[in-house]
Amino acid sequence: MSEDEEDQSPPPSDLRSQQQQQRPPCSPNKSRNCISSSSQTFPDHVLENVLENVLQFLESRTDRNAASLVCKLWWKVEGLTRSEVFIGNCYALSPTRLTQRFKRVRSLLLKGKPRFADFNLMPPDWGANFAPWVSTMAKAYPWLEKVDLKRIFVSDDDLALLAHSFPGFKELILVCCEGFGTSGIAVVANKCRKLKVLDLIESEVTDDEVDWISCFPEDVTCLESLAFDCVEAPINFKALEALVIRSPFLRKLRLNRFVSLEEVHRLLLGAPQLTSLGTGSFKHDNQSEQEQEPDYAAAFRACKSVVCLSGFRELMPEYLPAILPVCANLTSLNFSYANISPDMFKPIIHTCHKLQVFWALDSICDEGLQAVAATCKELRELRIFPFDPREDSEGPVSELGLQAISEGCRKLESVLYFCQRMTNAALIAMSHNCPELTVFRLCIMGRHRPDHVTGKAMDEGFGAIVKNCKKLTRLAVSGLLTDQAFRYMGEYGKLIRTLSVAFAGDSDMALRHVLEGCPRLQKLEIRDSPFGDVALRSGMHRYYNMRFVWMSACSLSMGCCKDVARAMPNLVVEVIGSDDDDENREFVETLYMYRSLDGPRKDAPQFVTIL
Amino acid sequence: MEGCPRNRETCPKLLDLIHQERKWYHDEEKNNADQEKKLELRLAPPGGDEEDGSAMKKKNIDTRNNIKKEAEEKSIFNLSGNHFSSSNKTTYAPPHISHKRTAPGPVVGWPPVRSFRKNLASSSSSKLGNDQINKSGDEEKQVQPKREGMFVKINMDSVPIGRKVDLNAYSGYEQLSFAVDKLFRGLLAAQRDASGGEGEGKPIIGLLDGKGEFTLTYEDNEGDKMLVGDVPWQMFVSSVKRLRVIKSSEISSALRFGCSKQDKMKN
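Just so you know, the protein sequences line up as chains A and P, in that order.
First residue of the first sequence? That's 1444 in my numbering, and the numbers climb one at a time after it.
First residue of the second sequence? That's 125 in my numbering, and the numbers climb one at a time after it.
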C-alpha cells in the first residue's frame, strides 16, 4: 500500500507539468480525490482540485495557517495538502487530531519538554513520549519520510516501530532526546533502506553494546548526513570506514570522541566530498605503532568542500593547525568542546574570513574575540560557552570581547554569551552596531551581578537592546535587573517571541509589563524571580495565544493557579513537583501551562498535578 | 570565594538600601514592607528553607546534584545555598538577599549549561575544582534502577533490540531463565529466519547449565563478566548491572577478557 501511495503523490514539479498539459481534473494521480468527491457537485469538485493544485506549492506554515482560515473548503483542502507539520508542543493536541486534520503528512517536527528541563529543573519521566505519536502515525501515514524530534522521550521500541512502519523513511533527527540506545539506532540503520539523514544531536544514547554501524545495509546507501557525536559508545571503525566508502552522497559526518584523529585522517582521505565534518577526538595517540605521524594537514587539504567544522574533543592544541588548509572556506566553526588558548586560536581564526557561525569556549578570552572581530566580517551567529560553568569562576571573557565583536561584526544576528562581567555600555554599543540582531541571549553567570564598572543594574543595557534591535525575536536576560528593564521590554519588545528570565526583577510589575506589552510573546520561561499572583492574572488575555509559560521558584500561590485553570478551560495548568508539605507550602514550585485542544494529558506522572 | 569584594560587587542593592539610591525603593506594591523584612532576614541565618530539602528529594536526582548526597540535614543544605527561596512564607526573601546570605554553593540548573557541556569541559586538560557541578548534570547511562523494581538491561546476541527485566519480580534463576525465553524467543525467531513461519520459534533453554545453544551471562558492579547461576540469587541480584545472552560456543572468549567489548570494536 505504501508504495502505491508514493507513486500517487507526485512532487510539485510534476504537478506543474500536469497543469501545463491540461489534464482533466480527475487524473489518475488524483484518483483518491475522484473517489471522495463523487458525491459533490461538479463546480465544487473542480474548485477543490484547483485549490489543491495551488496549495501544494504553499510551503510556509504561517501562510498555510492563514489559508486554512479562509473558509471550510480551504481548511479541508489545506489539510489535504500539508505535507510538513510542525508541532511546537506535543501536548497541545493528540496524535489522533493530527491524523484526522492532515491526511498526507510526510514530515513531522515535534517538540516536547520545555527548555528548562535541560537544566534539571524538571524531574525525569515527566512525559513527552514519542510512543503514541509513532503508533498513530504508523497507521495513518505509511508514506512518512521525516521525523524531527526535540526533547522527546523515544524508546528503542518506538524506533523499531518507526523503522518497520515507514518503508520510505528518509530522515531521522533527534535533538536533546533520550530513552533509547544504540540498539534502537541499529534497527533504524538496518531497516530504513532509504535513509538519507540520521542525526543524533545532543541526545542521551544508552550504550547497548551493539555495533550499530555494521547494521547499515551492505549495498550503496542513500546517506547524506550522519551525526553521532553525542553517542557515548565506541564505534567499529572498520565498519564506519566501509560505510563512508559506500555512501557516495554523504556530505555531513559528525563523529564521536571514540574516533581518533588518525581514524579521521583515514576517513577524510576516503571521503573528500564532505561539506560538514565533526571530528572525533583531536589528539594523537603517542603509543601507536606508526613511526611517522600521519600528515593530518594533507587530509584536510584534500577536503576542498568542507565548509563546516566541529568536534575537537579532547583536543591537543598542537594539532590544531592541521585544519588550516580548510579555514579559508569555512562558514561554520564549532570549537565549543575545545579548551583553546588565545595564542593557539589567533593564527587559526585569522584565516577564517568567510565565517558566519562561530561557537567556542570562553577560553579564547577577550583577546580571541577581538581576533574574531578583526577577521570575521560575515559573522551572523556567535556562541561563547563557559569552560568553567560555575557562578564564581574566573570568567575570561567580558564586555571587552562583546564590544569588539559588535564593532567588527556588523551583520551579527544571533548571540549567546556566557560571562562573569558585563557593562551597560557594551550592550548599548551592541544595540547600535548590530541592528540585525534577532536573538540576544546574555548569561552573566554570577547571579544579580550589576554593571561591574558603574555598579548599576543592567537595565539600560538590555533596554537599549530591545529598543534599538528592532528585529529582536528572542531574548534571554541576566545580571542585576530591576522592574525598569522589564518596562523597556514591554515598551519596545514588540516582536519578541521567546523570553528567558532568571533571578531578575523586583515585583509583579515587571512581569506585567511584559505580558501587557509584548503582543508576539509565545514562549515565556522564568525562574527564581519575585513574580506572583497579580502578575499571573495580568496575562490571562494572552495565554491562549502563547505556546507555553514556565515559572519556577516564583511567588505564585496554588489558589491563583487554580483560578487561572478554572477561568481558562483550554489551558492545561501543570504544577510540577510533589509536595511533601502540601499545606504548608505557600508558593507553587513550578508552574508549566500551555494551551491544548484535547484537554489535559493522560500520562502525567505522580509529581505533576493538573489543575 | 565569598568575601567582602564579592558581596559588594554582587549586592550593591543592600548597601544602597542604606544609601537609599535605588529606584525600586519607590515602587508601589508590597516592596516597602518587604524591604524591612529583607533587612531583618539579612542578618539571620538562612533558616526554614525547607523547600530546598523537599525540592531536592522530590526531584530524585541522585547523581545530578551531589549536594543532596552530601547534605543530609536540611541546615547544611541551606548553607550550601539552594535558592528556591521564594517559596517559603515565613522567610520569603527575594533572590538577591538569599544570595548574600548563603554560601556560594551551586544552584540547580545555573548557569544554564547542558550537562554534556559540563562534562566535556572537565575531560580536557585542567580538571575543575568543583566536581559537584560537573556531575550535577550527569545521568546514569547504563542502568537506572527504578523506584519499585530493579530493572537491568538485557541484550541477546544477534538481536538488535535490548530489553529490560525487573529482577525483583523473580525469586530465582529458574524464573529468570523462563523470562528470558519469553522475552527473546519471538525476537530471535524473527531475526533468524525470513522463510519459515514457524510461529514462535524454538524455546530458549539451557541458559544456565551450558547445555543450550545460548548461555546467560552478566556484568557485575566491578565490570567483570560472569556466568549466571554460580552465586546465591540474592548475591547475584545485588551485584548484577546488566545481562547478556550469548552463544554457548563463545563463552570462553566472551568471559576471558574483561574488556571484551573494546577488543571487538577495535578489530
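Treat the hints with care, since some could be wrong.
Estimated spans, in silico, between C-beta atoms of each pair [to be verified]:
1. Phe-1692(A) - Lys-365(P): 47 to 53 Å
2. Thr-1542(A) - Gly-347(P): 42 to 48 Å
3. Ala-314(P) - Ser-1748(A): 39 to 45 Å
4. Gln-299(P) - Asp-1568(A): 54 to 60 Å
Some chain A residues close to chain P (C-beta under 8 Å, calculated; not the full set) [said to hold, decoys possible]:
5. Asp-1561
6. Asn-1563
7. Met-1888
8. Ala-1945
Partial list, derived from the structure: chain A residues whose beta carbon lies under 8 Å from chain P [as the list claims (entries may be wrong)]:
9. Trp-1518
10. Asp-1651
11. Val-1653
12. Cys-1665
Everything labelled a hint here was simulated from the structure, so no lab data went into it.
Ideal Cβ positions, reconstructed from N, Cα and C, are used throughout, including at glycine.
Cross-check of the supplied hints:
1. Phe-1692(A) - Lys-365(P): 47 to 53 Å: violated, 40 Å
2. Thr-1542(A) - Gly-347(P): 42 to 48 Å: At 47 Å between Cβs, range holds.
3. Ala-314(P) - Ser-1748(A): 39 to 45 Å: holds, 42 Å
4. Gln-299(P) - Asp-1568(A): 54 to 60 Å: violated, 27 Å
5. Asp-1561: At 5 Å from the nearest chain P Cβ, Asp-1561(A) passes the 8 Å test, so the hint holds.
6. Asn-1563: holds, 5 Å
7. Met-1888: holds, 4 Å
8. Ala-1945: Interface hint status for Ala-1945(A): holds (7 Å vs cutoff 8 Å).
9. Trp-1518: Violated, because the Cβ-Cβ distance from Trp-1518(A) to chain P comes to roughly 40 Å (cut-off 8 Å).
10. Asp-1651: holds, 5 Å
11. Val-1653: Status holds, d = 6 Å.
12. Cys-1665: Violated: closest Cβ of chain P sits about 20 Å from Cys-1665(A), beyond 8 Å.
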